[in-house]
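What follows is the residue order along each chain.
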Amino acid sequence: MSNQMVDLNRVGAKGAIAEAAEGKWGMVIDRDLCTGCQACVAACAMENNLSFVGEEDAGYGRTQHWIRIERLWEGEYPEVKMDGGFQPMLCQQCGHAPCEPVCPVFATPHSEAESINLQVYNRCIGTRYCANNCPYQVRSFNWRDYHIQPFHANLVNGQLVFPLHNQFNPDVTVRRRGVMEKCTFCIQRIHSAQDKAKSEGREVEDGEFTTACAQACPASAITFGRVDHEESLVSQLGQVSRGTKHLEELNTLPRVTYLEKG
Amino acid sequence: MSEKISRRDFLKLASVGAATTAVLTGCGPASRYVEREPYMKMPEYSYNGLSTYYATTCRECAAGCGLVVRTMQGRAIKVEGNPSNPVNLGKTCARGQATLQGLYNPDRIEGPTKQGRGSGVSPLDWDAAIQTVSEALKSNNPSEIAFLMGTGSDHVFDLASDLTNAIGAPAPVRFGALSMFESRATLSKAAENLLGQSAMPFFDLANADVVLSFGANFLETWLSPVAYTRGFAKMRRGNPKQRGYFIHFEARMSQTASKADEWIPLLPGTEGLVALAIGRLVAEAKGGAMPQAFASVDPLEVASTSGVKLETLEHIAQLIVEAQTPLAIPGGAALGQSNGLSTAEAVLALNALADNFGKPGGVFVSPLSPNEDAYHRPTSAQEMTEFIAKMKSGGIKVLFIHGVNPIFELPKSFGFAEALESVSQVISFATFPDETAIASDYIFPDHHGLESWGYQRVATGTTQSVLSGLQPAVSGVYDPNTNELLYNARGTADVLIAAAQLAGGKSAESLPFKDEVEFIQSKLANLIGETDGSFVAPEINTFSAYFQQHGGWWKKTAELATPSASSVLSKSVKVEAAQFAGEGEFFFLPFVSPTLAEAGANKPWLQELPDPTTTVMWNTWVEMNPETAHELGVTNDDVVEITSEAGVVKAAVYLYPAIHPGVIAMPFGQGHTAYGRYATSLGTSEKFMELVPTSQYVNGGKVSPRGANPADVLGAHFNAAGDLAFAGMKVEVKKTGETQALSRLESRIGVYGEGMGEEH
Numbered sequence: 033m034s035n036q037m038v039d040l041n042r043v044g045a046k047g048a049i050a051e052a053a054e055g056k057w058g059m060v061i062d063r064d065l066c067t068g069c070q071a072c073v074a075a076c077a078m079e080n081n082l083s084f085v086g087e088e089d090a091g092y093g094r095t096q097h098w099i100r101i102e103r104l105w106e107g108e109y110p111e112v113k114m115d116g117g118f119q120p121m122l123c124q125q126c127g128h129a130p131c132e133p134v135c136p137v138f139a140t141p142h143s144e145a146e147s148i149n150l151q152v153y154n155r156c157i158g159t160r161y162c163a164n165n166c167p168y169q170v171r172s173f174n175w176r177d178y179h180i181q182p183f184h185a186n187l188v189n190g191q192l193v194f195p196l197h198n199q200f201n202p203d204v205t206v207r208r209r210g211v212m213e214k215c216t217f218c219i220q221r222i223h224s225a226q227d228k229a230k231s232e233g234r235e236v237e238d239g240e241f242t243t244a245c246a247q248a249c250p251a252s253a254i255t256f257g258r259v260d261h262e263e264s265l266v267s268q269l270g271q272v273s274r275g276t277k278h279l280e281e282l283n284t285l286p287r288v289t290y291l292e293k294g
Numbered sequence: 012m013s014e015k016i017s018r019r020d021f022l023k024l025a026s027v028g029a030a031t032t033a034v035l036t037g038c039g040p041a042s043r044y045v046e047r048e049p050y051m052k053m054p055e056y057s058y059n060g061l062s063t064y065y066a067t068t069c070r071e072c073a074a075g076c077g078l079v080v081r082t083m084q085g086r087a088i089k090v091e092g093n094p095s096n097p098v099n100l101g102k103t104c105a106r107g108q109a110t111l112q113g114l115y116n117p118d119r120i121e122g123p124t125k126q127g128r129g130s131g132v133s134p135l136d137w138d139a140a141i142q143t144v145s146e147a148l149k150s151n152n153p154s155e156i157a158f159l160m161g162t163g164s165d166h167v168f169d170l171a172s173d174l175t176n177a178i179g180a181p182a183p184v185r186f187g188a189l190s191m192f193e194s195r196a197t198l199s200k201a202a203e204n205l206l207g208q209s210a211m212p213f214f215d216l217a218n219a220d221v222v223l224s225f226g227a228n229f230l231e232t233w234l235s236p237v238a239y240t241r242g243f244a245k246m247r248r249g250n251p252k253q254r255g256y257f258i259h260f261e262a263r264m265s266q267t268a269s270k271a272d273e274w275i276p277l278l279p280g281t282e283g284l285v286a287l288a289i290g291r292l293v294a295e296a297k298g299g300a301m302p303q304a305f306a307s308v309d310p311l312e313v314a315s316t317s318g319v320k321l322e323t324l325e326h327i328a329q330l331i332v333e334a335q336t337p338l339a340i341p342g343g344a345a346l347g348q349s350n351g352l353s354t355a356e357a358v359l360a361l362n363a364l365a366d367n368f369g370k371p372g373g374v375f376v377s378p379l380s381p382n383e384d385a386y387h388r389p390t391s392a393q394e395m396t397e398f399i400a401k402m403k404s405g406g407i408k409v410l411f412i413h414g415v416n417p418i419f420e421l422p423k424s425f426g427f428a429e430a431l432e433s434v435s436q437v438i439s440f441a442t443f444p445d446e447t448a449i450a451s452d453y454i455f456p457d458h459h460g461l462e463s464w465g466y467q468r469v470a471t472g473t474t475q476s477v478l479s480g481l482q483p484a485v486s487g488v489y490d491p492n493t494n495e496l497l498y499n500a501r502g503t504a505d506v507l508i509a510a511a512q513l514a515g516g517k518s519a520e521s522l523p524f525k526d527e528v529e530f531i532q533s534k535l536a537n538l539i540g541e542t543d544g545s546f547v548a549p550e551i552n553t554f555s556a557y558f559q560q561h562g563g564w565w566k567k568t569a570e571l572a573t574p575s576a577s578s579v580l581s582k583s584v585k586v587e588a589a590q591f592a593g594e595g596e597f598f599f600l601p602f603v604s605p606t607l608a609e610a611g612a613n614k615p616w617l618q619e620l621p622d623p624t625t626t627v628m629w630n631t632w633v634e635m636n637p638e639t640a641h642e643l644g645v646t647n648d649d650v651v652e653i654t655s656e657a658g659v660v661k662a663a664v665y666l667y668p669a670i671h672p673g674v675i676a677m678p679f680g681q682g683h684t685a686y687g688r689y690a691t692s693l694g695t696s697e698k699f700m701e702l703v704p705t706s707q708y709v710n711g712g713k714v715s716p717r718g719a720n721p722a723d724v725l726g727a728h729f730n731a732a733g734d735l736a737f738a739g740m741k742v743e744v745k746k747t748g749e750t751q752a753l754s755r756l757e758s759r760i761g762v763y764g765e766g767m768g769e770e771h
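Going down the list, the sequences are from chains A and B.
Counting from 1 along the first sequence, just add 32 to a position and that's the residue number in our numbering.
Counting from 1 along the second sequence, just add 11 to a position and that's the residue number in our numbering.
Just so you know, these hints were derived from the structure itself, not from any lab.
Here a beta-carbon is modelled for each residue, glycine too, at the ideal position from N, C-alpha and C.
Just so you know, not all the hints are guaranteed correct.
Said to hold, decoys possible - For lysine-lysine, the following DSSO-like pairs were computed, each having C-alpha atoms within a straight-line distance of at most 27 Å:
1. LYS113/A x LYS252/B
2. LYS320/B x LYS741/B
3. LYS293/A x LYS245/B
Stated by the list, open to error - Part of the chain A face toward chain B, derived, beta carbon under 8 Å:
4. THR67
5. CYS69
6. ALA71
7. ALA77
8. ALA90
9. VAL112
10. GLY117
11. ALA185
12. ASN189
13. GLN191
14. ASN198
15. GLN247
16. ALA248
17. CYS249
18. PRO250
19. SER252
All chains should be modelled from the sequences, with the hints used to inform the complete structure.
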């Protein structure tokens with residue numbers, strides 16, 4: 033879509049385009065299509081071994097949603113509107129991520145190869161500085177060992193058996209108490225696609241795989257792919273005129289573009 | 012292998028590999044069980060670190076979406092949509108994703124049980140279970156045997172139908188809360204009255220440019236939500252030149268309404284009048300003779316009764332006049348009224364006026380599923396009252412229940428639980444210890460959907476005729492310490508076949524099958540010669556192997572039937588004023604929880620999904636306009652008591668800015684008194700970290716209900732098609748003085764002055 037001009041005001045400060053172009057993976061979310069159905073949230077939970085925290089902890093805001101659906105009201109009855117529709121919010125995989133420099137143990141480094149933010153669970157010591165510094169509020173902390181609470185177990189022949197553990201995705205680490213976590217752009221899927229491509233002596237194609245949220249989305253509101261390929265769907269969608277990036281005035285260089293109703 | 016390979020191709024190749032193996036081994040009963048073995052003894056086709064994928068069908072509702080289940084070392088670890096199934100084309104909803112938490116639910120029934128209606132629970136073995144079923148079939152008068160089944164599991168329904176037909180017992184009754192809240196009987200009756208055939212209408216949302224929805228919550232649970240969401244996305248952005256415009260009429264802003272460009276709140280029960288008024292204005296604008304259907308309606312009068320301004324009606328009529336392919340959809344609470352049937356007819360008449368019958372973006376008749384003779388709708392709520400009356404009168408001696416939880420799903424006022432006491436023997440095939448199962452004499456647990464064989468007929472949602480197929484993705488759930496089966500379930504079809512053969516006589520003759528798979532094959536056999544199918548196969552073994560590999564069988568081309576529109580407009584449609592039961596001040600509007608639906612409450616991740624519009628998790632709330640709440644002196648988290656003529660229910664208030672001030676709304680899906688640890692509540696968070704023996708949940712023990720069930724206040728009032736007038740109740744609302752903090756995802760700071768200090 034070369035005939036569409038890239039709006040410099042949209043991609044951020046000078047130099048941002050170069051930085052954005054270096055990124056490999058990106059996402060476009062069409063808020064006009066998102067129906068708020070939560071399929072992405074459930075799909076993410078199933079793919080990434082997220083723990084559920086129960087009613088009370090959920091009330092304290094301790095839910096482990098790597099992606100959440102925000103909805104914003106505007107106006108008073110009967111002229112009340114849901115401003116612009118639902119807004120799925122997840123880690124924006126910032127180019128200049130505010131969470132990264134504040135970590136004292138380098139548990140959330142920037143991947144040079146993938147240009148996404150990593151979270152290294154076995155380095156994390158749970159200072160929660162990163163979560164405090166994240167302007168998008170997308171990081172979640174393991175306040176307890178949710179997965180292994182006896183409540184979820186049955187006593188079988190004197191032993192605790194957790195049937196729900198059978199569902200764990202073996203490609204994803206199960207996190208313990210005291211560890212921060214966040215959306216990884218399904219890095220296990222990126223890696224398996226890369227391994228496969230490498231064994232066949234080629235590059236990973238756009239559309240060869242997608243993230244769990246994009247795969248489930250019944251409205252196809254989420255598009256994931258290679259932003260460094262100009263012809264990829266995600267690159268083309270990212271340049272349409274109703275695209276915006278959240279809090280880009282902070283110069284975070286988010287890798288997720290939102291398409292507004294327009 | 013080609014240079015470029017997509018994930019989809021990979022799946023295809025993987026499944027071709029699996030299917031080839033199946034064909035080579037003949038795919039007879041010997042190869043029927045998918046092995047799920049401990050690490051040291053893995054299936055021969057399983058490689059360390061590599062996944063095996065199985066195509067099957069989702070059982071979380073009756074829509075019949077195709078799934079591809081990723082398994083590794085015999086465990087199902089992720090479900091994805093089946094990209095080639097025409098219903099969902101690779102997409103899933105949240106409930107489909109969470110189906111794994113049903114498979115691995117810690118509260119599944121551990122094996123065949125003599126339940127004794129909760130008095131004395133003792134385990135049985137399967138031989139004794141089959142003996143029991145066989146005795147029940149043999150020693151009772153056939154007319155006193157009854158099957159009550161859910162809307163899923165079509166193959167079990169077909170098997171039970173063949174059995175009851177052969178022995179002269181009444182045909183199985185199918186019921187589900189979803190079909191009750193979807194008003195399926197009303198839709199098919201309206202189609203019969205206006206289009207001349209009882210059928211499930213199909214609304215071609217994808218190709219419409221202006222859509223009016225009269226209460227149809229098609230983005231939530233209505234009929235086939237994934238298919239309709241796909242249609243919605245196409246309507247919105249499928250045409251690059253024009254964005255589809257969507258208007259929704261409902262007293263509260265539902266999740267579907269929140270996606271509308273215009274949400275028009277109106278008084279419950281006036282939807283049909285509004286449809287007629289719009290029709291009249293459209294007909295006037297178009298000129299010519301006024302169709303009989305709209306002749307008697309006065310838009311000005313409708314504006315005053317419904318609360319929708321005349322200018323709004325005129326503006327909407329203008330939009331329709333200018334539209335290329337306008338579409339009007341009736342559904343949900345609009346049909347759950349005493350005048351629901353005429354409302355559905357009025358909305359169909361609006362489509363007739365737009366002349367969109369059988370045209371892209373218009374109304375069609377859904378194609379019948381491949382092995383279906385005619386459209387059979389589920390039992391309506393009114394017919395359920397007749398069934399319950401028969402139970403009460405002692406006309407039913409043995410009752411088999413499969414795939415449905417009527418004690419929870421039916422309004423309490425119907426008295427199903429009490430009627431159950433008049434039935435001598437109740438045999439449940441439930442997978443989970445739900446309210447009905449624990450009130451039964453025996454529980455013979457069926458497999459979870461991901462362990463099951465079967466097929467599901469697709470009633471609507473796609474233009475193609477589809478039969479979705481099920482196959483086991485796992486063979487069971489095992490104890491990692493002992494490698495023994497944790498949940499000793501058995502396919503209900505297998506149990507019935509074995510029991511029928513043991514009973515001998517006509518029962519045995521009707522089911523001359525070795526097992527469930529052979530029965531399913533007998534039902535697929537007539538598809539072998541069919542043309543235009545998704546695959547062809549010369550004989551049954553190959554056919555069933557492909558059936559498993561593809562996840563079903565469907566026609567390649569669209570088979571939508573065009574209803575005749577000619578006579579619709581010449582019929583007079585009269586929408587009478589809705590009747591409301593009770594003397595209360597408020598209209599009561601129950602709606603199905605979009606994330607939980609009727610059976611999701613035992614899956615913890617569904618509990619923790621925030622409701623799309625309120626963001627409440629793990630509980631039940633009452634939606635109330637802030638103005639109304641102010642007048643009642645209640646605010647967020649204040650527990651109110653809702654009283655109707657039929658009952659009382661208590662829940663915490665949620666100040667909802669987008670609801671008619673005269674209406675209060677409540678989600679259906681919570682309020683379980685059984686159904687496992689996640690569906691019920693222990694009360695305190697400390698308990699959430701304790702081990703609580705399963706028996707305490709199964710027997711009610713020390714648990715209390717989680718949330719509340721709005722069906723407790725619904726009375727037995729019906730529309731002309733026999734569907735429950737669930738939105739036709741008036742209720743009293745009383746402050747109780749108690750509070751209950753609702754867990755929400757949204758922040759409450761600054762909302763309605765909360766957390767802002769006293770001066771705000």
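Quick one: which hint numbers does this structure break? Sort them smallest to largest. none
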